[in-house]
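Taking our numbering, the leading residue of the sequence shown gets 688, the next gets one more, and so forth.
None of these hints come from the bench; they were simulated from the model.
A couple of the hints might just be wrong.
Straight line, CA to CA, 30 Å or less: simulated DSSO-like cross-link-like pairs of lysine-lysine [claimed, not checked]: (1) Lys784 - Lys726; (2) Lys803 - Lys815; (3) Lys766 - Lys794.
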Amino acid sequence: TYTTQFGSLDNHFKPIGSQQFVKVPDGVAHFLEHKLFEKEDEDLFTAFAEENAQANAFTSFDRTSYLFSATSNIESNIKRLLNMVETPYFTEETVNKEKGIIAEEIKMYQEQPGYKLMFNTLRAMYSKHPIRVDIAG
């Protein structure tokens, strides 16, 4: 498991050398969770599977985790996981495609009563805190 302390609550940053904070779009941690599995010339889910590993990731309010489980080829899968998170791949086309995929995921979540209850409660409790924003974006 590779976990970074970057979740949906982390929506303001101060760039190095700047005195001003910059706000990033809601859902950027979740978006990056999806995008890091994409490379120009490789389907990482297939690559992990070919090395007898199952890969996954999740984003929460305060962290994003990338993980795999395997019983063999551990070293090559660790290298793949580290490469995945350290060398992201973005194009305008793939970014737009992923936005559509995430929009569908959000619709799916919003149809679940428990999910709706949780976020409606958070929105009612917190008028300004970013915890009121859906993790997915």
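Would the hint linking Lys784 and Lys726 be met if the CA-CA limit is 30 Å? Given that 30 Å is the threshold and the Cα spacing comes to 14 Å, the pair holds.
Does the alpha-carbon distance linking Lys803 and Lys815 stay inside the 30 Å limit? holds, 19 Å
Mind checking the alpha carbons of Lys766 and Lys794 for me, to see if they're no more than 30 Å apart? violated, 34 Å
Against the hints set out earlier in the document, a violation occurs for number 3 only.
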